[in-house]
Amino acid sequence: MRTRLINEGPERTFALILDSGDEVVSALEDFAAHQQLEASRLTAIGAFMRCTLGYFDWEKKDYLRIPVDEQVEVLSLVGDITLDEGKPKLHAHVVVGRRDGSTRGGHLLEAHVRPTLEVLLTDSPAHLARAFDPESGLALIRPGA
Amino acid sequence: MRTRLINEGPERTFALILDSGDEVVSALEDFAAHQQLEASRLTAIGAFMRCTLGYFDWEKKDYLRIPVDEQVEVLSLVGDITLDEGKPKLHAHVVVGRRDGSTRGGHLLEAHVRPTLEVLLTDSPAHLARAFDPESGLALIRPGA
Amino acid sequence: MRTRLINEGPERTFALILDSGDEVVSALEDFAAHQQLEASRLTAIGAFMRCTLGYFDWEKKDYLRIPVDEQVEVLSLVGDITLDEGKPKLHAHVVVGRRDGSTRGGHLLEAHVRPTLEVLLTDSPAHLARAFDPESGLALIRPGA
Chain A
1 MRTRLINEGP ERTFALILDS GDEVVSALED FAAHQQLEAS RLTAIGAFMR CTLGYFDWEK
61 KDYLRIPVDE QVEVLSLVGD ITLDEGKPKL HAHVVVGRRD GSTRGGHLLE AHVRPTLEVL
121 LTDSPAHLAR AFDPESGLAL IRPGA
Chain B
1 MRTRLINEGP ERTFALILDS GDEVVSALED FAAHQQLEAS RLTAIGAFMR CTLGYFDWEK
61 KDYLRIPVDE QVEVLSLVGD ITLDEGKPKL HAHVVVGRRD GSTRGGHLLE AHVRPTLEVL
121 LTDSPAHLAR AFDPESGLAL IRPGA
Chain C
1 MRTRLINEGP ERTFALILDS GDEVVSALED FAAHQQLEAS RLTAIGAFMR CTLGYFDWEK
61 KDYLRIPVDE QVEVLSLVGD ITLDEGKPKL HAHVVVGRRD GSTRGGHLLE AHVRPTLEVL
121 LTDSPAHLAR AFDPESGLAL IRPGA
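Taken in order, these protein sequences are the chains called A, B and C.
Quick note on numbering: the first sequence equals residues 1 to 145 in my numbering.
Quick note on numbering: the second sequence equals residues 1 to 145 in my numbering.
Quick note on numbering: the third sequence equals residues 1 to 145 in my numbering.
Derived by calculation from the structure, the hints in this document are not laboratory data.
We put the beta carbon where it would ideally sit given N, CA and C, even for glycine.
Fair warning: there could be bad hints in the mix.
Stated by the list, open to error - Derived list of chain B stretches under chain A, where covered just means 3 residues or more per stretch with a C-beta under 8 Å from a C-beta of chain A: (1) 13-22; (2) 58-72; (3) 103-113.
Said to hold, decoys possible - Here chain C is said to cover these stretches of chain B; the calculated rule only asks that three of the stretch's residues, wherever they fall, bring their Cβ under 8 Å from a Cβ of chain C: (4) 38-47; (5) 116-124.
Using the sequences and the accompanying hints, generate a full structural model.
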């Protein structure tokens, strides 16, 4: 485990309210680029009209795509925004709820909002950067980078 | 997407520990009214003796009720408290875990705690208000309101 | 419900990045002991190579163990670190996602990371202590203690 104190003073918190048709990954990364966010964390609830989730296949070192082509409640969306090669990168995982109360979940690859997604984002005055990890093939956060 | 900086200074954080028999929605809204909370976010874990979840039916523009009549772990409860017609309104989604590890989830309509629910609530010195959205029939957060 | 304001000033936030093979409960409790954390809250996402979840059996007053012996996405890990008999105690619940997008969840008993777990932990300059609750047989947070 590697650790880093990323804040001990005031932080900024934003309410981001996404509307019908907004795509979550691009909307949040565009916001982060505009606001120059480099070490943010977020939670969200709301609903999607459809989304694509991912499961990281450890053998193939790639994400399997899991399409969810129905209106779902967003039960939890938890994630962070860090820097990957100098650009803001959203890493978020999501659990969605179906009509019968059953759930699906995975890495958030793409999601279209309907009618709302309520995101509470807290930004620390630090930066956290990702670096390529040869073992997994993923860009992982390196707190000291 | 509409965004608003809701805080850049110190915030208040409360630990709210609900006990057996407490009903979650009413307990949190009563607390918010008493403390005059107008832009809060919260996460919680614990357990329910029973709860009623909701799924928003986009065709009917109403919540289907999904009763969960068994003791369940509260795996995640994520939400916010904002103002709706001047009164504090809890909007929370929950994932619960059953005896076999399977899960159910939805919009939190009602839940009775057993034996505990540990809520960590952070309040921003701002206010966020809801307004009626004609397309969905729901009261959605309008950050500029 | 019992409530307590645990902070109204600056707080410390840590990024804790766990690596392949790290065990989550021991890593977080060791960190908390080292940093003398007494009232922290955390969220995390990432992936486990395997984990053991728990469901509290209200009749037996004990946790049923639910082994998950496969690589899973950590969709949400929500919890707190408080004091139990003077030592830091992690209480966390987790939802994990399987290869087909289905989910499992429970009280976090043990989990081994692969390749990463990204924990954002916020510590309040207060302390929250647990006390034995005769009705459940569990150590529950007592905000006034």
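Violating hint indices (sorted, rising): 1
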